[in-house]
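Protein chains: 2
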Amino acid sequence: MFAEIITIGDEILIGQTVDTNSAWMAQNLNRMGVELIQSRSVSDKEASIIKALDSVDTQSQLILITGGLGPTRDDITKRVLSEYFGASLVRNQEVLEKIEDYFSQRGRQILESNRRQADLPDKATILPNPLGTASGMWFEKGDKIYVSMPGVPYEMKGLMTNEVLPRIKERFDLPKIYYRTLMTEGIGESFLAEIIQDWESSLTDKGISIAYLPSPGVVKIRLGAKGNDEAEIKEKVDFEIQQLYKLIPSYIFGENDISMPEAISPKLKKSGKTISTAESCTGGYLAHLITTIPGSSDYFKGSVIAYSNEVKMAQLEVKKADLDANGAVSEAVIRQMAEGARKHLQTDLALATSGVAGPDGGSDEKPVGTVWIALAAKEGVYAKKYTFEKNRSRNIRRASLAALSLVRRYLDGQLELT
Amino acid sequence: MFAEIITIGDEILIGQTVDTNSAWMAQNLNRMGVELIQSRSVSDKEASIIKALDSVDTQSQLILITGGLGPTRDDITKRVLSEYFGASLVRNQEVLEKIEDYFSQRGRQILESNRRQADLPDKATILPNPLGTASGMWFEKGDKIYVSMPGVPYEMKGLMTNEVLPRIKERFDLPKIYYRTLMTEGIGESFLAEIIQDWESSLTDKGISIAYLPSPGVVKIRLGAKGNDEAEIKEKVDFEIQQLYKLIPSYIFGENDISMPEAISPKLKKSGKTISTAESCTGGYLAHLITTIPGSSDYFKGSVIAYSNEVKMAQLEVKKADLDANGAVSEAVIRQMAEGARKHLQTDLALATSGVAGPDGGSDEKPVGTVWIALAAKEGVYAKKYTFEKNRSRNIRRASLAALSLVRRYLDGQLELT
Numbered sequence: 002m003f004a005e006i007i008t009i010g011d012e013i014l015i016g017q018t019v020d021t022n023s024a025w026m027a028q029n030l031n032r033m034g035v036e037l038i039q040s041r042s043v044s045d046k047e048a049s050i051i052k053a054l055d056s057v058d059t060q061s062q063l064i065l066i067t068g069g070l071g072p073t074r075d076d077i078t079k080r081v082l083s084e085y086f087g088a089s090l091v092r093n094q095e096v097l098e099k100i101e102d103y104f105s106q107r108g109r110q111i112l113e114s115n116r117r118q119a120d121l122p123d124k125a126t127i128l129p130n131p132l133g134t135a136s137g138m139w140f141e142k143g144d145k146i147y148v149s150m151p152g153v154p155y156e157m158k159g160l161m162t163n164e165v166l167p168r169i170k171e172r173f174d175l176p177k178i179y180y181r182t183l184m185t186e187g188i189g190e191s192f193l194a195e196i197i198q199d200w201e202s203s204l205t206d207k208g209i210s211i212a213y214l215p216s217p218g219v220v221k222i223r224l225g226a227k228g229n230d231e232a233e234i235k236e237k238v239d240f241e242i243q244q245l246y247k248l249i250p251s252y253i254f255g256e257n258d259i260s261m262p263e264a265i266s267p268k269l270k271k272s273g274k275t276i277s278t279a280e281s282c283t284g285g286y287l288a289h290l291i292t293t294i295p296g297s298s299d300y301f302k303g304s305v306i307a308y309s310n311e312v313k314m315a316q317l318e319v320k321k322a323d324l325d326a327n328g329a330v331s332e333a334v335i336r337q338m339a340e341g342a343r344k345h346l347q348t349d350l351a352l353a354t355s356g357v358a359g360p361d362g363g364s365d366e367k368p369v370g371t372v373w374i375a376l377a378a379k380e381g382v383y384a385k386k387y388t389f390e391k392n393r394s395r396n397i398r399r400a401s402l403a404a405l406s407l408v409r410r411y412l413d414g415q416l417e418l419t
Numbered sequence: 002m003f004a005e006i007i008t009i010g011d012e013i014l015i016g017q018t019v020d021t022n023s024a025w026m027a028q029n030l031n032r033m034g035v036e037l038i039q040s041r042s043v044s045d046k047e048a049s050i051i052k053a054l055d056s057v058d059t060q061s062q063l064i065l066i067t068g069g070l071g072p073t074r075d076d077i078t079k080r081v082l083s084e085y086f087g088a089s090l091v092r093n094q095e096v097l098e099k100i101e102d103y104f105s106q107r108g109r110q111i112l113e114s115n116r117r118q119a120d121l122p123d124k125a126t127i128l129p130n131p132l133g134t135a136s137g138m139w140f141e142k143g144d145k146i147y148v149s150m151p152g153v154p155y156e157m158k159g160l161m162t163n164e165v166l167p168r169i170k171e172r173f174d175l176p177k178i179y180y181r182t183l184m185t186e187g188i189g190e191s192f193l194a195e196i197i198q199d200w201e202s203s204l205t206d207k208g209i210s211i212a213y214l215p216s217p218g219v220v221k222i223r224l225g226a227k228g229n230d231e232a233e234i235k236e237k238v239d240f241e242i243q244q245l246y247k248l249i250p251s252y253i254f255g256e257n258d259i260s261m262p263e264a265i266s267p268k269l270k271k272s273g274k275t276i277s278t279a280e281s282c283t284g285g286y287l288a289h290l291i292t293t294i295p296g297s298s299d300y301f302k303g304s305v306i307a308y309s310n311e312v313k314m315a316q317l318e319v320k321k322a323d324l325d326a327n328g329a330v331s332e333a334v335i336r337q338m339a340e341g342a343r344k345h346l347q348t349d350l351a352l353a354t355s356g357v358a359g360p361d362g363g364s365d366e367k368p369v370g371t372v373w374i375a376l377a378a379k380e381g382v383y384a385k386k387y388t389f390e391k392n393r394s395r396n397i398r399r400a401s402l403a404a405l406s407l408v409r410r411y412l413d414g415q416l417e418l419t
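Going down the list, the sequences are from chains U and F.
In terms of the numbering used here, the first sequence is residues 2 to 419.
In terms of the numbering used here, the second sequence is residues 2 to 419.
To be clear, the hints were calculated from the coordinates, so they are not data collected in a lab.
Which copy is meant is left open, because identical chains are indistinguishable; a pair holds if it fits in one copy or across any two.
Taking lysine to aspartate or glutamate pairs in the DMTMM-like style, the calculated list, with each CA pair at most 20 Å apart, reads:
#1 Lys207 / Asp239
#2 Lys344 / Glu311
#3 Lys344 / Glu318
#4 Lys344 / Glu380
#5 Lys270 / Glu311
#6 Lys227 / Glu12
#7 Lys207 / Asp75
#8 Lys270 / Asp349
#9 Lys46 / Asp206
Sequences and hints are given; from them, build the entire structure.
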């Protein structure tokens, strides 16, 4: 089965917004065995929208449309689609009540333009959007289904996950596709490829595809197979995943797009240990990553973000003599920061980061990208110096992930503290 | 003059790669006065490429094509384009030498597939690509120009900057385009539209376009005009921007895609005041936003992330009696958190956040999305209760932006502390 995407919005055509929605939709269609044959961005002018609808590929059975459903005047998708499919806009009481609730819950005044979002085409199936005020709309014409969704990424994702994908699955007889993704960290893509190259070259003959998906600090390895016998393709992929676990055990932190903080969350809960952070160069990002996880308050108690040396001394008992002698980016200081957080925030474990995030502050001895990271526990401290990149935000991210990696390796018994 | 983009590559259609090239090209075309009317991603199959070429919009005079120029078997763009334009592939000695140099400089062995990248269509103008081994190709047919470039972002950018854009500028008599964007916060899109609706309705007659670009906590308003007289359109847009400054002065925090932390950075530097944060529900994200800015160490000293009540009491002197009586999400506690941070981290200003980020922990009295935020200064404390959303990560982001908003408003003299 074939699908295509039409993204409506001038903000994309003038380059103000990078279209991340299409990649997300593409991934989710692909996993279900729906082949995306085209993805287009068009202007939010009536003529452009109609031209896009008129030139839909004859093969496409599903056309996913995003954008242009807001309450303001430049949002014309709903009107244009209604006219295109010969529908009339009718005020939907149920949707109106939800919009009114949405506003009253937030203590915000409702405007007529907001109420008009409840005017919906009578020929469409309305898809409820609990995350916003623009409903999804499902039109059918000939052999084709057209689904219109808001362009706000999390609203679109909610509608796709809860409404669109389940309906597609039910409606069409899709081929079986099975993917499994391993998440690795602590090793670069080319080193990884070198370790597993013999195993990798055997995959094609077995009908298994492999993809490396690198991002800063993390490389995903995805194995996939397609076929009619669900059990067979699953068994085949699962077998090769087990081989990977044997080949690179210490680099794997989880599966299926799990994030590092998600991966360590159950491990920390199971260990019964609490954790805190003492952050200099990561400036709170490490604590933020940990607290993205609901329920992280079970193990995360707090942090001291010690950006200045005064805070390092006053809140973490870092010694002035060591700051003077070695600077804040040093083994002596990082050990004291980790121990200080552990003591003052009264946790079992404490992570500390101190480095030169950039763009300024680098030296010959400590260039931009130099970061010390430590983990303190009852048994002692593990401290290590890393050399990351020239880019500030990538350094902050990579340092935070490297710190989380220490927790994972400590809880897995891979780390020796002294 | 109108243009369109065709991106060739299955990695985009299966969602493995987010297409950032198109936004970059769009921005650069737009700045030059070239209007992008469509952007498409198609599969790297021959039939898909030909279909895309056949369905180019009749209005388009420039078709920018990226991808499919690598040395591997799935890279077929060059062959397909050559056949489409009736050209023959001829080995280009000059390009061959550069490819051979490229490999020898990197100490890598050259393969026949790499040499074949010097086989180029005789009907195209070859655009040199010093950053890689795939040349750009410039075809002309009828009134249309087709430019093929590699999909590797930095190679494409090099070719666009050094070859394509200068040639377009020389070839076409382009209109002048002028945009200016105001960044607002503290008000929703529809309320904003209501305040400025009379003014907004006068814009069309003046030949000025307006767009609202909302993201969590921030709404951008972009005004634009097009014409032949650069000074005239600039004056026209600048005048209306001044009207907006008069209509909604307290909501504007900057221009041209500046972020909130960027916007407050020079204000804080100028004020000479230092700042710290005491964070519960934002879990370090507020400190992270502040420290995304290079040089933030001039004013940001540090934070206490007080996720647990123990840390709130021990590090910020929050009183147990108030925690017991009102809970952590309360005015009494948020005031003490802000004051505690100001005192212990020895800063002029301190921000504090405490709320129910979700998904759990909500109650009838304090549902998910309830957040108290405070700013403490020498003169006293400003504390306010907010009601955000049901989504954890959006609550964290919006609470952090709302906290930064307090700093902006305080430094602008808009906030009364008691």
